[in-house]
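Number of protein chains: 6
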Amino acid sequence: MAKNIILMCLIFTLFCSGLAVEVGPLQDFCVADSTSMVMPSGLMCKNPMQVEANDFYYGGLNIPSNKTTPTGINVALVDVDQLPGLNTLGISMARIDYALDGINPPHIHPRATEMLVLIEGSLHVGFVTSNPQNRLISRVIHTGDVFVFPAGLIHFQRNVGNRIAVALLSLSSQNPGLLNIRDAVETLPESVKFK
Amino acid sequence: MAKNIILMCLIFTLFCSGLAVEVGPLQDFCVADSTSMVMPSGLMCKNPMQVEANDFYYGGLNIPSNKTTPTGINVALVDVDQLPGLNTLGISMARIDYALDGINPPHIHPRATEMLVLIEGSLHVGFVTSNPQNRLISRVIHTGDVFVFPAGLIHFQRNVGNRIAVALLSLSSQNPGLLNIRDAVETLPESVKFK
Amino acid sequence: MAKNIILMCLIFTLFCSGLAVEVGPLQDFCVADSTSMVMPSGLMCKNPMQVEANDFYYGGLNIPSNKTTPTGINVALVDVDQLPGLNTLGISMARIDYALDGINPPHIHPRATEMLVLIEGSLHVGFVTSNPQNRLISRVIHTGDVFVFPAGLIHFQRNVGNRIAVALLSLSSQNPGLLNIRDAVETLPESVKFK
Amino acid sequence: MAKNIILMCLIFTLFCSGLAVEVGPLQDFCVADSTSMVMPSGLMCKNPMQVEANDFYYGGLNIPSNKTTPTGINVALVDVDQLPGLNTLGISMARIDYALDGINPPHIHPRATEMLVLIEGSLHVGFVTSNPQNRLISRVIHTGDVFVFPAGLIHFQRNVGNRIAVALLSLSSQNPGLLNIRDAVETLPESVKFK
Amino acid sequence: MAKNIILMCLIFTLFCSGLAVEVGPLQDFCVADSTSMVMPSGLMCKNPMQVEANDFYYGGLNIPSNKTTPTGINVALVDVDQLPGLNTLGISMARIDYALDGINPPHIHPRATEMLVLIEGSLHVGFVTSNPQNRLISRVIHTGDVFVFPAGLIHFQRNVGNRIAVALLSLSSQNPGLLNIRDAVETLPESVKFK
Amino acid sequence: MAKNIILMCLIFTLFCSGLAVEVGPLQDFCVADSTSMVMPSGLMCKNPMQVEANDFYYGGLNIPSNKTTPTGINVALVDVDQLPGLNTLGISMARIDYALDGINPPHIHPRATEMLVLIEGSLHVGFVTSNPQNRLISRVIHTGDVFVFPAGLIHFQRNVGNRIAVALLSLSSQNPGLLNIRDAVETLPESVKFK
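Chains as they are written, first to last, in UniProt numbering: chain A, 1 to 195; chain B, 1 to 195; chain C, 1 to 195; chain D, 1 to 195; chain E, 1 to 195; chain F, 1 to 195.
Just so you know, these hints were derived from the structure itself, not from any lab.
Hints should not be assumed to be uniformly reliable.
Repeated chains share a single entry, so a pair holds when one copy, or any two copies, can fit it.
Capping the alpha-carbon separation at 16 Å, the derived lysine to aspartate or glutamate pairs in EDC-like fashion look like this [as the list claims (entries may be wrong)]: (1) K193 / D101; (2) K193 / D81; (3) K193 / D183.
Start from the sequences, fold in the hints, and give me the full structure.
Below, the structure is given as structure tokens:
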């Protein structure tokens, strides 16, 4: 078996190597092949002839996600893993429900700008600019308001209303990535942590 | 002096605007300088020191746009013209309200994929693939459903429910562009129009 | 067999996933491997050691294509399918022969600007700008004239001379794509078609 | 006033020109503003309302350029300097006429792949791959043949027929650039020149 | 006149700077015009005819920077502000001197991968992967060792030898950006800070 | 066997074709899978769970490479072949040792700008601009000096001190490529060589 794997990779590299390199797609779309999605980073296309409307469809954003975080939010992310038609198209969305005082804690999307529409409630939203300024850019927003968090900056939202809040988010990548600052800092060696 | 500055920016935008486009910024953000926005294609940055939270804010998506089209929809677009902080960030949003039988007629966004979340109602949504297949990829969606329209393809939405429908749209460009097929075809010379 | 396919895809994803991501090539060239070209979208490279001059060669543009369309044109396209050396290089060409009154009907190349050189004859050529202007930009051109059709806009050519016309076209993609407006409109549901 | 505008644009181009480059436009097109084109690298857009068909037009490729080089070729280049509508669109073309034994000597286009269609005659064409292989990829082509020279590699053409030859070239940049190897080598200090 | 030119460039940079970014230049190079560099984000080109060798030169990396940080390092950054010839070329470098126990504290370069060569000494180096894994990837390196920190991830270095350490760094952007995690976290509102 | 290869490629193309297309990575990193690296151009990712610190590490740049060229330099290149963690990250480095009068002869990196730090000694460094100017941009540099060679231009270094010289180089690609002008010119057919 191991021999076959090596043989296959060898054949693959001999015949198929140097794959990459195009800016902008080479076809109408490239629906991610879900049967082959063992790992979330795949970019393989489903046979275009077998593509159907449901490859571009996802249902259920009218209800909150059923996973509650310790900071009081429920996040339903619709990225390429949930909606294979998003593959190569550079966009994804999410719904976040905020409990009373619920917080989406400081985090970074390294590969996406976030544009938030507040469907219901009131949020304190903001981000911090980079060195050397480190300015806080923040304000409170209400139902129907939109706020933009530029890619790569630390940002947050906090429910400051007296009821739950619900937001819809657009993200400028099929796979925005997430650096939770607290989780990352806790992972650092004690010797370089700030006190 | 102030007059001259405005005049120069005006001249600059009139003669020199629409310079370029971002693939990966060179700074945290580049808020479009609204005082110089004589033309909608400008990409000049506001002085970062004068940037404030409201540059990333837009209010009012909780109510329909007050412009009704002949086909029975109201569109409120939030792109870089309404929200200068979107400049160079590759994303925009819109709210569409559909009257009974309201239609968002066949059109193309040449520079953006569209991801639609149906907030309320029922829509027939779809797009047509390119030559030589020309397949119709369509279905009916309901409240809470999401559908994706790949960039550059002719697509449409039609209200097929028995009440109004409301959708929020994400678009993968700060300035998606719009080709209305009917308007474009009517503009064509008679000699090349198809009957 | 099905098991093997799944196994192979699994192995492939385990060992080879996350392929993408470079802007600008990583080698001199990446000739498309024609033995594996079951589908036209492939981007695999032939072993560079086995690349030869004929991988960069195509013959026969001195004669018209032998396929005549209903609108009176013959198109010979030289893209990556005919010339595997074009893979990843962002360019292709075509020859079009126009019968008397022959029309290249309104269409879009979603991924390429088109630059036309008229080798012989006279053509009415043009394109329509996007909303809200919908301006017709057109003129008649003659032997030796060049005209540019920007990517993503509806454009056309019509033979307005008293003999055949012949044009050579450059396209800024290895795979420009084609949306024939009439074919696409006919594919649309009756309910959203314009009358 | 008009004088000042021109002066300002002149100053702007002298001091600030060559700003950037497109990867995906933010509008339909960006016709280079020819009144401000003091330097060839400008990318400023003409006011879209004043754009007309002739901005996308160039005449005269049916006749050879009237400048003959010492190596026996005449080159007529149609890039953004001759055809302002090419600005930001990533393509240009050229016509080359080869006298008997005329040579397009070894050179590099650092920013463009070249696709050559031989309209008439016979050429020996080829390029050299990079280190460590340094393979010569070459062949003789005849009327109607197409050959591709990948971006960034040293390539050449030589007339090997018994009459003149004429070629049309597509180049995958609005401004392909040119490194003539002989001219560059002669510019080098004697101490690093190879003998 | 000269005063006016400087004034105009100043106004231009104050109001219009930070325009865009290169993916593939349109000329050989675009040396940043230092007379107009009121703000660090400018991308205007010096007149190519006036470019000289010193535009591509910077001296003094053989000695440490004279600014010592509270965490015991001295950083000399050579980016486009110090070396105008780097403009649009996508690379910069730095020298860091680490005192005994000196720390380059946890930070992110949002626009650049960092490749470090240790000229002298011993460092503990590492980075943290993104959610949900949050793995620490770290090791100790010694004189002559190289380590890579992927763009957008939190990383650090700490002097763990018994003498000073000196490193040279390559960064894959002319303007890598810097998010110091401690500084950013301190800027956050108390209500969303983690305890 | 041959049948199996074809079958595999067929299966691969049916299920996995159309791979390409993203600008900017879709994950934290994509360490090149060294077990499958039969050819140097591969871009396959190692399973992220098995990635470890040593994938981002390379040792030994404190000593010269042991391969001396005929022109008197020793080059140790650290690109994606030596350091698999560099895959997709757009950067590499090298150490060059120059003997007395040692020359790094005229060459081009088609895919990378080079930024050189002189650790020790004195070098004459320079490059030639493109047609029609063909200007020599050169100077002598000493210990601690930095010089930049823009991507795609012919450049060189020569030891002009009275001892050995040592330089560290940053290159803005994981795989910069190398065109040695002398080797390429010698490969050209005699008929197009310049005398």
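Results for each hint:
1. K193 / D101: Answer is between: at 13 Å across copies they meet the 16 Å cutoff, but 28 Å inside does not.
2. K193 / D81: neither (34 Å within a copy, 31 Å between copies)
3. K193 / D183: Both. Shortest intra-copy (12 Å) and inter-copy (13 Å) distances satisfy the 16 Å Cα cut-off.
The structure fails to meet hint 2 from the earlier list, while all remaining hints are met.
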